[in-house]
Amino acid sequence: MLLHWDKLGWWRWVLLAVTILTAVFLLLPILFIAALSFGSSQWLIFPPPSWTLRWYDELFADPSWLDAAWTSFKIAVVVALLSVLIGTLAAFGLVRGRFRGREALKAFFLTPMILPVVVLAVALYAFYLRVGLDGTVTGFVLAHLVVALPFSILSIGTALEGFDKSIEDAAVLCGATPLEAVLRVTLPAIASGLFSAAIFSFLASWDEVVLAIFMASPSLQTLPVKIWGTLRQDLTPVVAAVSTLLIALTLVLMLLVSLARRFAKSS
Amino acid sequence: MTPFLEIAGLSRHFGSFVAVRDVNLEIRKGEFMTFLGPSGSGKSTTLYALAGLDTPTSGNIRIEGKSILDVPPHRRNIGMVFQRYTLFPHLTVAENVGFPLSVRRRPAAEIAAKVGRMLELVRLQDFAQRKPGQLSGGQQQRVALARALVYEPPVLLMDEPLAALDKKLREEIQCEIRRIHRETGVTILYVTHDQEEALRLSDRIAVFSKGVIDQIGTGAELYENPATRFVAEFIGDSDFLPCDVLAVRDGLASIGLSGGLAVDGVPLHGNPAAGKAELMLRPERISLSRAMPASGPALPAVIGDLTFLGSHLQVAAATLDGRALSVRLPFGHEVVGSLARGDEVWLSFRPADACAFCSAQGGS
Amino acid sequence: MPQATALVGPSRGQRRTSLLLALPALSLLIVFFALPVLALLLRSVLEPAPGFSNYVTLLGSSTYSRILVNTFTVSAVVTVVTLLIGFPTAWALALMPPIWSRLVFGVLLLSMWTNLLTRTYAWMVLLQRTGVINRTLIDLGIIDQPLPLVNNLTGVTIGMTYIMLPFVILPLYGVIRRIDPAILQAAALCGATRAQAFRRVLLPLVMPGIAVGGLMVFVMSLGYFVTPALLGGTANMMLAELIAQFVQSLVNWGMGGAAALVLLSVTLSLYTLQLRLFGTSGLGGR
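Chains as they are written, first to last, in our numbering: chain A, 19 to 285; chain B, 24 to 387; chain C, 4 to 289.
I should point out that these hints are in silico values taken from the structure, not numbers from a laboratory. Mixed in with the good hints there might be a few duds.
[What the hints assert, rightly or not] Which residues of chain A face chain C? A partial, calculated answer using Cβ under 7 Å:
1) 22
2) 36
3) 44
4) 49
5) 164
6) 181
7) 185
[To be verified] Keeping only pairs whose Cα atoms sit at most 25 Å apart, straight-line, the calculated SDA-like set for lysine to any residue is:
8) A/92 x C/116
9) A/183 x B/191
10) A/25 x A/36
11) A/25 x C/116
12) A/92 x C/30
13) B/190 x B/157
14) A/183 x B/260
15) B/191 x B/296
16) A/183 x A/200
17) A/25 x B/186
18) A/25 x B/44
19) A/183 x A/205
This structure is a prediction, so every number in the text was calculated from the model and none was measured. Ideal Cβ placement from N, Cα and C applies to all residues, glycine included.
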C-alpha cells in the first residue's frame, strides 16, 4: 500500500511533486551559477544580456587564483596520501585489535567529525601561533589531516570489517608472510574502501574553508580562502567562473567514484 | 618408528574455559583422519593449532618427529580449506591457484603448468579466467582445494569445507575429495560435525566431546564398540535402558534390567563402582517376535508408532515400565505385515551386540 | 565453525601490534586536536583572570543571548523545514522506478559534493535585491519592492536548508528502504485507511530515521560558520561566527573559549543522546 509506488493513489502525485521540486531546488543554484559564469553582466543579471568568456579570461590572467588553486591541490594530495596511510594503520588496529578501551579509542578517532569545525579552527589557531605553524603548508596539512582522518578510518574500517579474515589466513597458509598476505590479498580486496578514503580525504581538504581562514597568511592561501576573501568584498562573476570549474571537477570525481564502485562490484 | 604426524598432550585454554584438554593423536602418512564432534567440542581449535593460526596453551605437534610449534604458519607448508569460501576476490581462479607458487617465487612456466594440472584435478579447467564471485559455492570450494594442494603440502587441513553447501552438492564434492585423496596420497585432517560425512570419507575418526577425544577408530569400530555413551549416541542411532551392574569379569558384565531380567556377557565401559549403568542397543540389532523367544534375553514391550521408511520399518515400542525403545525391522520381516499399534511383543538381542556404559559418579 | 574462529584469541604480541598501528593516528589527534581544544576551553576560565566571568558575560549580555537565540531558532527552523521536504522526497525515492530515483540521487550527490562556498555564493546571487528570485516575483506582480532575502536570517535559513537537505534525505531513504512493504499491505488488509496506515504504521517505523536525521541537521546547523557568515551579514551573527569574531577581531581568547565550550557541550550532549537512543556511531557498531 503505502510502500508500493503504483498503489499510492493520489498520494503518489503529491510525493512526486515534492520530489521534483526538491530536485529543482537542489539543481537550480548549480545550473544558475554555471550559466552566469558565461554571462556578460557584471551584476550577475539573469538572463544575461550576452554571453562571454571574459570572466574565465580574468580568472586565468590573475596568478593569485592559480597560485591558490595549486596550493590547495598540493595540500589536498598530501592530506589524501597521509590520511589513507595513517587511516589504514589505525583501521587495522581498531578492527583487528582486541584490547581494552577499543570502543573508546574508536569514538575518539571519530570525534573530529562531529565537532564544530570552528572550535577546532580557533583552538588550532591558538596552538599554531604558539608553535609557529601558522601560515605554513605543514600547518595546513596537519589541520586538514585531523578533519580528513575520521573519514579514512571509517571508510577503510568498514571495508576491513566486511573482509573475511580467513581469506588472509588462507594466504598465510599458502606460504605468504603476514605482511605479504596483507599487501597482496587484503589491501587489494578492500581497494574500493581505500579509494573512497582517498577521495573523501582529498575533498575534505580541497573544500575546507573554516580551518583555512584561520591558518592562511597573505602569502599562503588556499582556493577556498581566496574565494572567501573575494566574496567578502563583492559578488564578482569571476567567482562564478571558479565555481563552474569546481562543479565540473565534482562531476569528474563523482564519475570516478561510480566507476570504482562498479569495478569493485564486478570483481 | 616415529609417526608421521603426532599431537601430544595438546591443550588450549581461553581464560578459565578449556577448549581442548590433553589431546593425543598419531596419524599415518596418507591417512584420512576426521575430527568429528558437535560445535564447541574442540575439533576446530585443534585444527587451528595445527595450522598455526592459534597457539596451544601446552602440548606439542610434531611432523616426522620435528616440532612445528615454533614454525610460523606461512612456513609450515600445510594446506588448508576453510568452511567459508576464502578465495582471493580480486584474483582469477588461475591466479588464486597459482598464488602459493607465486609467493614461493617459482618461475611462471612452472606455475602455469601446475595450475593447469590442479584445475584438471578439480575439473575446473574451463573456469581458469573467472573471478571467484562468478562461481557457485561448490566450485569455489574446489578452487580452494586446488589452491591448498598446488604446492604439494604433506598435510591438508579441511575445516567443515562443505558445511555451507546443500546436501546433493555436498555428496558430490565428498566423492571428489575421496578421489583426490586417492590420486594425490596427501594426508588429510578433516573437521566435521556430520557423522555421515565422517563415515563416508575417513580412514579413521576421532570423536571430540567437550574438548577431549572420546575415541579414535575406524567407522566400523566406533559403531560396533563405542567407548562412551557420547560416541554411541553421536554415531548411528541407539536406544538406552538404565540397568544395574551385578558383576564384572574380563570386561564383560552381568547386568540387571528393570523387571528382573538379568543379562550376562555384555561389554562394559567405564568404572562400575557406582553400580549403575546404561545398556545401549542398536535399533537394527533388536529382534521382534510375538512369542517369547526360547533362549537369550528378551523384554516384553508394547508397540507404539509404526513408520514405514522404504527399506525398513521403524517401530517405536515401550517397555512395561514405560521406557521408549526404537526398533528397526528390515522390510519383509515375518511379522511386519501384521503388526499394529498396541500389540504386545517380545524384544530380544544378543548380549555381544549390546554395550553398557557406567554412569558417572554421582549420576547424570 | 564461526565460533571456533572467534575463539582464536590474539596473543599479547598481537595486542601490542594493534595498539602500535593506531599510534600515528592517536598521536596526531592528541597533539593537533584534543590538546588544543582542551587548552582553548581552559582559557575560558583562566583569561583574563581565573573564574567564570566570561560565562557570566556571555550568558548575561543581551547581545550575546540574542545570538544564542538566533542560533537555536535558525537551527530549529532548518531542521523542521528539511524534515518536511526531506521525508516525502525520501519516501518517493525509495519507491519510484530506479531510473528516476537514480536521476534524483545524481542531483542530490552533485549538490552535496559541490564546494560549499560555491553553493553559498549561488544563493547570495539568487537572493540579492536584483537577483532572479526578486525579479521573478516582481515580474509576476506578486511584490512591488524587492524582498530583503539576504543579509538576514531568512537568507541564512534558505541557504542552510539547501545545504542540510541531503543529510535528512539519505538516512530517511535508508530507513524506508529497510521497511518490508508487506507490513503496510497487512495494515491495509486489517482495514486501515491510507491516513491511518500512515499515522499508525509507517510514521512510527520511520521515526528512528527522522530522529537521527533531524538531530544531525540540528547539531550541524548549530556550529555552522560559512553559510551564516556569508548569507547573514554582520548584523545577524550565529554562534560559530561569534567564536571566530572573539578570537580574530577582538582577540579575546577567554570569551572565545567560553562560547566554544557552550557550542561544544550542546553538540556533544545531543550526540550522546543520539547514541543512547539509537546505539550506533558506525564503524562496527553493529
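Taking the hints in turn, this is what the structure says about them:
no.	hint	result
1	22	holds, 6 Å
2	36	holds, 4 Å
3	44	holds, 4 Å
4	49	violated, 9 Å
5	164	holds, 5 Å
6	181	violated, 13 Å
7	185	violated, 12 Å
8	A/92 x C/116	holds, 20 Å
9	A/183 x B/191	violated, 29 Å
10	A/25 x A/36	holds, 18 Å
11	A/25 x C/116	violated, 34 Å
12	A/92 x C/30	holds, 24 Å
13	B/190 x B/157	holds, 21 Å
14	A/183 x B/260	violated, 38 Å
15	B/191 x B/296	violated, 48 Å
16	A/183 x A/200	holds, 10 Å
17	A/25 x B/186	violated, 43 Å
18	A/25 x B/44	violated, 63 Å
19	A/183 x A/205	holds, 12 Å
The structure does not agree with the numbered hints 4, 6, 7, 9, 11, 14, 15, 17 and 18 stated previously, though it agrees with the rest.
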